[in-house]
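Participant: One-letter residues, chain by chain:
There are 2 protein chains.
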Amino acid sequence: MPTVSSEELAAAAGVNSAKLRKDFSYLGSYGTRGVGYDVEYLVYQISRELGLTQDWPVVIVGIGNLGAALANYGGFASRGFRVAALIDADPAMAGKPVAGIPVQHTDELEKIIDDNGVSIGVIATPAGAAQQVCERLVAAGVTSILNFAPTVLSVPDGVDVRKVDLSIELQILAFHEQRKAGEEAEAQADAALEAEAGAAAAAAGKSGKGPDGDVPAVMPA
Amino acid sequence: MPTVSSEELAAAAGVNSAKLRKDFSYLGSYGTRGVGYDVEYLVYQISRELGLTQDWPVVIVGIGNLGAALANYGGFASRGFRVAALIDADPAMAGKPVAGIPVQHTDELEKIIDDNGVSIGVIATPAGAAQQVCERLVAAGVTSILNFAPTVLSVPDGVDVRKVDLSIELQILAFHEQRKAGEEAEAQADAALEAEAGAAAAAAGKSGKGPDGDVPAVMPA
DNA sequence: CCATCTTTGTGCACGCGTTCACAAAGGCAT
DNA sequence: ATGCCTTTGTGAACGCGTGCACAAAGATGG
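In order, the protein sequences belong to chains A and B. Sequential numbering from 0 applies to the first sequence in numbering that gives the first Met the number 0. Sequential numbering from 0 applies to the second sequence in numbering that gives the first Met the number 0.
None of these hints come from the bench; they were simulated from the model. None of these values were measured; they are calculated from a predicted model. There may be inaccurate statements among the hints.
Treat identical chains as interchangeable: a pair holds within one or across any two.
[Stated by the list, open to error] The calculated DSS-like cross-link candidates involving lysine-lysine, where the alpha carbons are at most 27 Å apart (straight line), are:
| # | residue 1 | residue 2 |
| --- | --- | --- |
| 1 | K162 | K110 |
| 2 | K179 | K110 |
| 3 | K21 | K179 |
| 4 | K95 | K18 |
| 5 | K110 | K95 |
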């Protein structure tokens, strides 16, 4: 029986072995003292805990470059995700296969969600359409949304939204790059400042009192 | 002079006002007591600190769906990023314009990096090509890499790599979704487990001792 | 010029997550 | 069966980041 010790795993993952053991302990006691963890059993338990053993049908709305890239992305299937449908507002796209799946028109959205029991939606539309799409998804029963559009979505309680900003990662790289290139080492406020900067820009557009600003574009030129 | 108080900004950004003030204090004292922060000046200072006032030429390597999506992504320009070149290994792509920029062949990679003074590279190639592209970028002088390919890149010291895994976000959503759907509330180990799971899978492939495993595919079916 | 009011900047305390360290548990050899 | 060795599981301590609370600073009005 192939096994791994917490020490080996910790070294491989670059974390502390005690933390790793404590994390595992929350899932129950799967290890054997003096031996380690049964690799196969451990992998299964973690997979189950993370929901990888379930089948998660997802819909992708907005089949532009990004939507197509997501549809073709190989990483989804192995993680338990199944692209149940591709949806686009452009009638010219309807029926056209992307990644082997025919694109369907937005009109079908509610039916698709319902028929497939979809609870996770991916929004890859332009910013302008995102909120509206979001609302239709939620109304149709979707409770988790992955948002690639550069907008902050507002959703009712009980719905999870995760926003992926493709430029934020570049921003972080540029920040470190700037540090390498000299400069006096000053701040460490990092991702935090980002959100705050956005709020500041939003507030700037208002008369002076601006809670709940929702302007997504952060910096003026 | 339009100003904002830390209280207003904190409300807008959804954070604590004291934390916000403390963060700002690391950049220096730009506020005026009894008044607040001069919006324009604050925005400028934060922009400067984050490197938004600089011009960052970037190259995108691998012009598939994802590369094209990135090239078309509007968010870059406003954050100080300029797509200096698009590079692809397919000779058929050469010269073809994407997002108004002609694609160039991989052969030109070193020259492009050098001519444009590029220090940030984006890898959107298939997994198999990523490491090789990475090495060429580094050799040509790139010191920051944004990796969309599902591989762990190994780079020399001094080079920053950020990996964007498009499925990890879905995974997190699925995890919460699973929680909503009942289950006994157990673990809270989350992103941590992800890395550890990867390490476990890597170790499974080895005889038993497996530090520094680099197998990227996480879970077996 | 002084009093008052607002808001910043920051010392201090609390709480949480990480790490240390060790007792308990199980395997294995004798 | 017994003792030793390895590795887990976890109580306790440490450290760091967040939030509280207040003194200092500056504006504003009388």
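Participant: All hints, please: hold or fail.
Facilitator: Going through the hints against the structure:
For the homomeric pair K162 and K110, the shortest alpha-carbon distance inside one copy (25 Å) is at most 27 Å, but the shortest distance between copies (36 Å) is not. In this homomeric assembly, K179 and K110 come within 27 Å of each other (Cα to Cα) only across copies, at 23 Å, whereas the closest approach inside a single copy is 53 Å. Taking the closest pair of Cα atoms, K21 and K179 come within 27 Å of each other only across two copies (24 Å); inside a single copy the shortest separation is 36 Å, beyond that limit. In the homo-oligomer, the alpha carbons of K95 and K18 never lie at most 27 Å apart, since the shortest distance is 49 Å inside one protomer and 51 Å across protomers.
Taking the shortest alpha-carbon separations for K110 and K95, only the intra-copy value of 19 Å comes in at or below 27 Å, while the best inter-copy value is 39 Å.
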